[in-house]
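Protein chains: 4
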Amino acid sequence: MASLISPGKPIPNDDLGLGLRTGPARGVNKDGSFNVRRAGRPLFRGYELYHSLITMGGFQFLALLFLGFLVTNALFAAVYLGLGMEHFIRTGGSTRLDQMLDAFFFSAQTLTTVGYGHISPNSHLVSAVAALESLLGLLSFALATGLLYGRFSRPHAQMCFSHHALVAPYRGITGFMFRFANRRSNQLIEVEATVSMSFLDGDNQTRRYVALELERSKINLFPTSWTVVHPIDESSPLHGMTEADLRRSQAEFIVLIKAFDDTFAQTIYQRTSYVADEVLWGFRFKPMASLGPDGSTEFRLRDVGAVEAAEGAQSRM
Amino acid sequence: MASLISPGKPIPNDDLGLGLRTGPARGVNKDGSFNVRRAGRPLFRGYELYHSLITMGGFQFLALLFLGFLVTNALFAAVYLGLGMEHFIRTGGSTRLDQMLDAFFFSAQTLTTVGYGHISPNSHLVSAVAALESLLGLLSFALATGLLYGRFSRPHAQMCFSHHALVAPYRGITGFMFRFANRRSNQLIEVEATVSMSFLDGDNQTRRYVALELERSKINLFPTSWTVVHPIDESSPLHGMTEADLRRSQAEFIVLIKAFDDTFAQTIYQRTSYVADEVLWGFRFKPMASLGPDGSTEFRLRDVGAVEAAEGAQSRM
Amino acid sequence: MASLISPGKPIPNDDLGLGLRTGPARGVNKDGSFNVRRAGRPLFRGYELYHSLITMGGFQFLALLFLGFLVTNALFAAVYLGLGMEHFIRTGGSTRLDQMLDAFFFSAQTLTTVGYGHISPNSHLVSAVAALESLLGLLSFALATGLLYGRFSRPHAQMCFSHHALVAPYRGITGFMFRFANRRSNQLIEVEATVSMSFLDGDNQTRRYVALELERSKINLFPTSWTVVHPIDESSPLHGMTEADLRRSQAEFIVLIKAFDDTFAQTIYQRTSYVADEVLWGFRFKPMASLGPDGSTEFRLRDVGAVEAAEGAQSRM
Amino acid sequence: MASLISPGKPIPNDDLGLGLRTGPARGVNKDGSFNVRRAGRPLFRGYELYHSLITMGGFQFLALLFLGFLVTNALFAAVYLGLGMEHFIRTGGSTRLDQMLDAFFFSAQTLTTVGYGHISPNSHLVSAVAALESLLGLLSFALATGLLYGRFSRPHAQMCFSHHALVAPYRGITGFMFRFANRRSNQLIEVEATVSMSFLDGDNQTRRYVALELERSKINLFPTSWTVVHPIDESSPLHGMTEADLRRSQAEFIVLIKAFDDTFAQTIYQRTSYVADEVLWGFRFKPMASLGPDGSTEFRLRDVGAVEAAEGAQSRM
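Residue numbers (UniProt numbering), protein chains in the order written: chain S, 1 to 317; chain B, 1 to 317; chain D, 1 to 317; chain X, 1 to 317.
Just so you know, the hints here were simulated from the structure itself, not pulled from any lab data. Here the structure is a predicted model, which is why all the values come from computation and not from measurement. Virtual Cβ for every residue (Gly too), placed ideally from N, Cα, C. It is possible that some hints are incorrect.
Within a straight-line C-alpha distance of at most 25 Å, the following computed DSS-like cross-link-like pairs (lysine-lysine) qualify [what the hints assert, rightly or not]: (1) D/K258 <-> B/K218; (2) S/K286 <-> S/K218; (3) S/K218 <-> B/K218; (4) D/K258 <-> B/K258; (5) D/K286 <-> D/K218; (6) X/K258 <-> D/K258; (7) D/K218 <-> X/K258; (8) X/K218 <-> D/K218; (9) B/K258 <-> S/K218; (10) S/K218 <-> X/K258; (11) D/K218 <-> D/K30; (12) X/K258 <-> B/K258.
Where chain S lies over chain X, by a calculated footprint (3+ residues, C-beta under 8 Å) [what the hints assert, rightly or not]: (13) 117–128; (14) 239–247.
Bound-form chain S, shown alone (with noise of 0.2 Å):
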């Protein structure tokens, strides 16, 4: 662990604004989230509303939609009823239950503005009250519908990741590795990658963040997959380390991808994280390409994450 702190090797500290002092857990979840919670913050605020609409699941959007539909036209249909159900002209029956159905189903014929007519207004304050509906169901359907539609076209990376990083032969000396591809069929474009690793310093326990040089950040086109490498040099925090020397320093490989999204026009990011439990020794990736018999490239996407021994493996870096 010395090499972590050697003096020679300025560790820049906070690297990622992750301010955190952690105890065992992961600062970064698998699927990117931070491993955060927030207090203080008010729950319902106007600016989280949309927020919360947009990235909540999407049969719970689904349903707060017919849930406020229902709810809005209960709501009016109490004002019908309460104005009285005489000021209406109509063919249904006269029972309570059949009033109050027939208000019901007049405000959602007004609030879609389908507005068949075989019930209808016959005095002007119901009027008044079904403009005032109608007016209103335009600028409500309005944000029901921009919030589905923005939902649906919502850009959002869906990368898929090896499930473990992998230290393996690389050139001659060692490299930290793990493997990625776009699991979508748009198009990306000047993909980045950042890596970084959170662990505990050996001596007072906090915990430092250090950010990995990689044999290359960048990648114009992105067809296929892309295998990241951090060579482990004599310059590498990681020079020297043994497994348990990662896994006692709780070490966890904080990764950012950033590309830009060809078919949508669009800058998208992606998070994951490795932890010390996800990283292999002695082993490496098999490919995912093959040449079709038509001379093109057959892709398999359900591989980015097989590995196969490697030869010459190393049980230090």
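Position chains B, D and X relative to chain S; hints supplied.
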């Protein structure tokens, strides 16, 4: 103050584009807007309308929408009344008020395209006006609902800054620092900070601007908070100044934060400023995060400005 | 003119991508468009339609919308008439004109989905055509209203530039300068300027391009105005030139401004150019801002081009 | 071929992220798509649906919309028929076919919210289904019309490239060059070009990648065309190669163009490639522009690939 205009330190003037000669007032307000009044700009121009409608208050916007709905209906009602209500199939009363209200509500049912049909055109002229009104309704509701959703989904930063900036011990020397956190739960990436100081030059009392070097000007991830630090070493324009110097030179620290909003794939900016009265000497920031029982980090947003007395504080930078 | 082609000053040719050999006319028009006529480009192609509809004049666009509404209704009315108006439930007259207008207005009520119902289909064939028309109406109004809102909300810079560029004293030497301000009240951030000169090379009268070094090419904040300055020192390609030299070489100064619109989170660009006739010698810009009684700065947009005679003006750069 | 693997020229392998070991076929197709077949990717996943709907052919998309409309109406018609057409107020006939078509057209009038009312619900159950259908109609038409407009307004580059790349005399040496122009009339700004060569390494027949240095890799304005040139000096990996060498090594030149679309404020990319068979030796590009009678420049897009024999052509680069 001599340090500010010493010959060895070339000061880039007008570095921010704030070509202002303000008096004692601040150049940038606490909410990031500029303290400038624009004259000679036409009050109503096409290119200002969209901007006004997007940035006006929410209540004001909804009131304007409602007013527009009322006025448009009143105008079309006047046209229908002018043509004569005998051109309509209707079941309503025959008083003047009945006619006026029927005209108004027919207009509302046409503009919203709800079209119940219990009032409907019975002449070609009225049909033509109604066709025009429904076309106008579709187009104007498209603008209204587009604006409503545009306002709702407009990206904007919601950083909360510490109320005070601090002059506090920092790695053996003194540092000028402030802290900020993200109030929203959207994920911010690649956060950049720029800090400039504006001050009255001691000799000729003209306002000058100088950029302050930061310990770190960019962080990759921003899960919690960031304490931005300008180390006051010998090359700092603040070096050797006292609290009284700061006030006398009417110093203002102008902060520009840039970040990429990972949730919505957009770049956002936020500005703020600290004047001399908002700089505390001899305090340091209290931690905002603590380790929860389950190993995750709890982060208290309300503590972004919490300070405590610092040992070894100096009265001179 | 010798200074423009002196051997010590390698001039990057074609620096702007303006691979033009124009005659005396300017390459970039005052409004930033290129003085180029494109031939051989198909007049009507799918990928041009959206562009044309977004950039055409507002009155023209609305007229096109209205015309499209009339024509579509006329076409569907013809179909309904062809099928026979006896297939409708209607209360209108029986003359040919009555039938035609009823068909037209039924079409309008279907296309806009207002659907009063006083005219309604009474045969399956007419119902099928009407269902098709309402589907078409929803889709085409989606395009029309999308375009309407897209036009309304399209980001575009509204810089106003000084009408003249100046050759004026600047820090002991001479500078080439112009001034611009933001006409809109949106907040611009990180404003960048690029200035290039195009001129006829004295020897072979071919047009060359050279980038001009600026005193400052980027400002962080842009609350008021920015005077962009090219200092004419010995390394400047303008060094030693007279007003007559500028005109003889048909010099044109091409300006590209880039900014980030903080209000709408989008990057915007604006271009303009100054030809030799638009360069004033021996003047300087008058201030645009003055201190208001309440300490805020009043900024006069109309003074962006206001100049006054400068002392110490030279007839040679 | 020795020049390609000479020790003094370190060749960055895999520079483009094209981790492919293709055979004789090209890696990047003429239209910029990758010559890769993806296996193991689920054919139908939520995150692929939006992408497919945006990128499929226009006729296919409209057919899908129409089919969806038919199927949805057929399904709801089946529900209404199941409930019994006696639950409707209607004027139509009593045969089974009449009932089926009335149910179908009532559904269509509800889904599009046109709601004439000549067929209208006469029971609460039918009213409830109709309310649900109108809600579904509003939501699904929001997606359909959002997609329709999203397709219409999606930014995409429409560069047209010269069909051949040339090896031609260039400033005393030889250059590898191609030309492209913007087919659309939108304004492109800050256009950048990247050119890489992929080839079979003579020794072990594995495919290698090398970036080619360009005379200029970025231009600020792009009014007409740009001839991108790689000067073949001694440091070029092409230096000394003959036409036969190019073919034998199955060389492919991969082009990536990046530009900012000034009209729509979006960054766009376009790719293409040239294989050895598409490289002409001993020709040069003919001018695309000529001076019009009014002093403006006429630009012929169709001449982007026009070439003429070049004097002094060499058979070796």
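Structure-based check of all given hints:
| no. | hint | result |
| --- | --- | --- |
| 1 | D/K258 <-> B/K218 | holds, 22 Å |
| 2 | S/K286 <-> S/K218 | holds, 22 Å |
| 3 | S/K218 <-> B/K218 | holds, 19 Å |
| 4 | D/K258 <-> B/K258 | holds, 17 Å |
| 5 | D/K286 <-> D/K218 | holds, 22 Å |
| 6 | X/K258 <-> D/K258 | holds, 17 Å |
| 7 | D/K218 <-> X/K258 | holds, 22 Å |
| 8 | X/K218 <-> D/K218 | holds, 19 Å |
| 9 | B/K258 <-> S/K218 | holds, 22 Å |
| 10 | S/K218 <-> X/K258 | holds, 16 Å |
| 11 | D/K218 <-> D/K30 | holds, 22 Å |
| 12 | X/K258 <-> B/K258 | holds, 24 Å |
| 13 | 117–128 | holds (count 7) |
| 14 | 239–247 | violated (count 0) |
Hint compliance for this structure: hint 14 alone is broken.
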